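Residue numbers (the working numbering), protein chains in the order written: chain A, 1 to 66; chain B, 1 to 559.
The hints are simulated quantities; they were obtained by calculation from the structure and are not laboratory data.
These numbers were taken from a predicted model, which means no experiment stands behind them.
Glycine included, C-beta positions come from ideal geometry on N, C-alpha and C.
Each statement offered as a hint is correct.
Here are some chain A residues pointing at chain B (derived, C-beta under 8 Å):
hint : residue
1    : 35
2    : 38
3    : 42
Label-pair ranges, simulated between beta-carbon atoms:
hint : chain 1 : residue 1 : chain 2 : residue 2 : range
4    : A       : 25        : B       : 272       : 35 to 43 Å
5    : B       : 93        : A       : 49        : 43 to 51 Å
6    : B       : 13        : A       : 25        : 53 to 61 Å
7    : A       : 16        : B       : 266       : 44 to 52 Å
8    : A       : 16        : B       : 424       : 49 to 57 Å
9    : B       : 262       : A       : 49        : 30 to 38 Å
10   : A       : 49        : B       : 551       : 36 to 44 Å
Far from chain B by the CB rule (all over 12 Å, computed), these chain A residues:
hint : residue
11   : 7
12   : 22
13   : 51
14   : 55
15   : 56
Residue-level listing of the chains:
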Amino acid sequence: MNSQPNIPDADGFYAALVKAHGGLTDAQSAELNAGLVFLLANQCGDQSTLLACIDAARACLGELQS
Amino acid sequence: MNEPIRFAPPYQLPTYDFQPPADLGDGPRRRYPIVIVGAGPAGLTLACDLAQRGVASVLIDEDDTVGVRGASSRGICYAQKSLEILERMEVGDRAVAKGVAWSLGRTLSGDHEVYNFNLQAHSVSEQPPFVNLQQFYLEWFLVDRIQALGLTDLRWKSRVTGVEERDDCVVVQVETPAGSYALEARYLVDGTGVNSVIRTQLGVQTHASRSADRWCITDVRFAKPLPVERWTWVDAPFNEGRAVWQHLMPDDVWRIDYQMPEDADIETISKPEVAGARLRAQLGADVEFEFVWIGPYQYRDHLLDDFRHHRIFFVGDAAHVVSPFGARGGNTGMQDAANLGWKLALVAGGQAPETLLDSYSAERQPACAENLEVTSRSARFLAPATPAEHTLRRAALNLAREHAFARPLINTGRMSVANDYPVSAWLRQGARSVQNVPLVHADGTPTSVMKLLRAGTRCLGLWLHPDPDLAAQAAERLRGLPIDLYAIGDGCALPGLRDEAGVLARHLGAPPSGAAGSFFLVRPDAYLAASVSNATPDAIHSALQTTLGLVNESIGAPA
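Okay, chain B solo, but in the shape it has when bound (with noise of 0.2 Å):
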């Protein structure tokens, strides 16, 4: 009675050739300051963020293309930070064009719902609170800026096969079409996922865990309009009472994602006529639809206790792996990177200290655990693990129905945040992210914090309504200094910045009155490091001073 099943064409990525490089020639070895492995989404931002900045780097990667071969890591869902970060490196227009912004989540059991959220009510963000995308089209729009900025040195089919630690580099052996060669590297950064093979011959610790929750992807296109927001079910009745996800991506291409039971045969649950009856019970009889892709899963977990290794850091899966409730992982790895470009570029230009580069695992291991506990509690919700457990979540559920006090228990996923960080010897206060707050320059241009970021590797110095005075000498203290000074309202040398609703003070943590005089320190990768009420220009000196790691080098230094 049904139809035949449908398969879209599949996509028509772009493929890069591989360019055999001088390495494959005689001569000594040559050394490069930045190796990056792993042209993923962690990899990939790291390199446009470092070309960004004016920083070259070598990326090697053993694929020739976007995306992922075969059914592994297929992310759709990228968070306000990270568009913010894309928007800092100008592709931030091109990924929300292109993808599908959304803001409103809703969870049902049965057919009621028993939670909302609407992440929009926090925002004062030029970005959406979500895009969603394919991770494909993330990486393509990244290759694409990466080639238009020149800088970096993109080897295709290149397979790292090892690499050997020296007091001075990180020796690295490579695997081309045309032979191997090895290079030296000055800071090796890993982006090679879950199965990294340098952290696996490094020996480094992983704690990793495997659950038995088991999935099954049904990407497909069909006519049926349904709304554009995230919708899931802790236990659908057209799916024998488990969990389903349901979002929409770009080119009408939805995302649903069903529980399967733990037993289930991977083969069977992944037949397209056994996808298509799921499909059918869901959406009716005779929808008619077309099957992008069907990939069956199960999650694991990872993380490592220290995201540096001498001269390697671990960025994206190859730090770090959680399951997918949340979107928290490609959104991890973006942000890892942001976090790491800077301090790579203002460290290889000589503007700080080698130490500032452990700040990196300081800051991204703890937001990271953070990541790791939020979802295994999401993880947890959605697949009890006692009989206990799933009285518990049916108590919960039956009360979110009636009482608005227990919609907060329900946790089908808590939504990726750009964590704040703890307080460390380069943040005094701690740190949390700025967003990408519309801005006015003193002519009328519309600007916002990510364009203010753009160019270089520059902090963000925001005074609000500083006395004159101290904005001349201060402005003539920091001279020379990774930093740029604005001043929030008129009347002093400081370029000027209208924040007319008070958005940006307010944001800042600015007090509502009083507030002049108060200075904002913003890090290159727009993260909030110090707020000094009253500031004079030895105390931004200083804040700026403890935020790069100048500190003990500037103690004693002669003037």
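Chain A with its partners taken away, still in its complex shape (with noise of 0.2 Å):
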């Protein structure tokens, strides 16, 4: 997994996320980051760095609940 940025344009990705949310019930956001996470995945398309990402991401959520 690649912990270091990637992201060319990390602060235009964020922007087109969050206009892609826009209008969304918490249902719709909900299902449309479900099918954002698919479609990356299979770009991915390397199982052993999809499961470490769910664990980094599983990892994570516990720090931001408080």
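Hints are included, so try docking the two chains, each in its own frame, into the full complex.
Have a look at this one:
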């Protein structure tokens, strides 16, 4: 899993993501995110990287919950 | 407005007489080499497999007919490996002739197809990828074959009430209409199913769990023509957005299986008029039909840690139960039986050491653990447990309508396969199933892998274009051992087989060029136990010894 910056225009990507969620209900936003995960996972296509990303995302969740 | 609900007349199944065994009389307790309890698919396959090999067994069953009384297991899908096992036992043609062959599966979401598979694409077998056949027909054909072989002591209406383990046997208590008796089994096979009394009495841990997911099977005849394919809906519009299965069986009977709400009342959902309303919602208000059977169910799973308990072997549902998605129940039981049969035959005949029997659990337990994992994933996809899982599934389904990559995420069951076996003391390379590739004898007579495995209990040694001198030496070196050597190609003293299109060589994994001299050891259950390139008589002998568990015994043995 690559933890180093790899998105050429991080601010631009973030803005596009926020914009994509514009006007959606919570349920639609959740579905959008889920669809995005599947699409991105297929771009990656590496099983061990995908599993490491799931673990990493899950590990960061605890810190945000409080 | 609707017509009254009609039911088809019940099937007329064969019944078998209880014959009072000699064990009921006075005299010392009798001892039998192999006793099988439970005449379901696993027990019958084992008894038939043994009889085909010329080995006698006692088969005890509490019923006097085939099929299941009540609303329990009614399998319908038989996988290629199971059909090949039947073909080896000379029941294959009958099962395929009666059955409905299929290879194409389609999964729908709403009105859209979101996934399909064609199992024929990977098949080089004489048998179709799948045949649908009511379980009672399978059992019926097996009983007929067992009776024709004439080596099995079939004991109907006989119920095993308890077992007692001894060092050299298992004492089995049997209750019959003519009284009770005890017999001694050198080896006991428990094929009595999910609620095994034997397993319970021994206190064997099952790691059982039960799902809240609820379904209702409708076996029904109707005139409306539908494709002979496996159709599954993840979320059928005609079933309130829940899953539905649609499959054709012989005698024009469709199995339609509806997912129900988890809190559904069993009595209500299985009422004929309620089932009829579901069917009309699917097929149209004016469809004419007659029910064959309506059966609500919940599924459960369990898996034993070890399928062997001293002299007792667990096969089929007694050892493992999984959710029904993917037909990994009855097929797995039949494959348990085929794994155990040849080992019991060789050990009973003194041709392999008793330790070979340990390989049964070493191979089948991991296979069943894999089946449990695969089927549990399908069950989870079909019954999302949380709103988040519903969201993930909805996203995957929506993507699958537009994008090919998302289609493999849609999981309404991964069909039963012949599981690979892990590396072990008997399998230095692990093992995988060899399909029933059609072949031709040197004299032009057609044959096949299964036909070559029919007689006795012998491995198959398939040697690609062997050097004639090495072939002659190997034949001498292996004389008296349970193996038949064949040369693929002509030009040596071994019996020859033609594989002109190279289908068998490719299937066995021979390199496309330079395969001459490669040797493949196929076990009596049609698993590839060893591949040897540039084979020599010593290398072949050693591979066979390993496969049969003779390695330690042979070291230092006098020449």
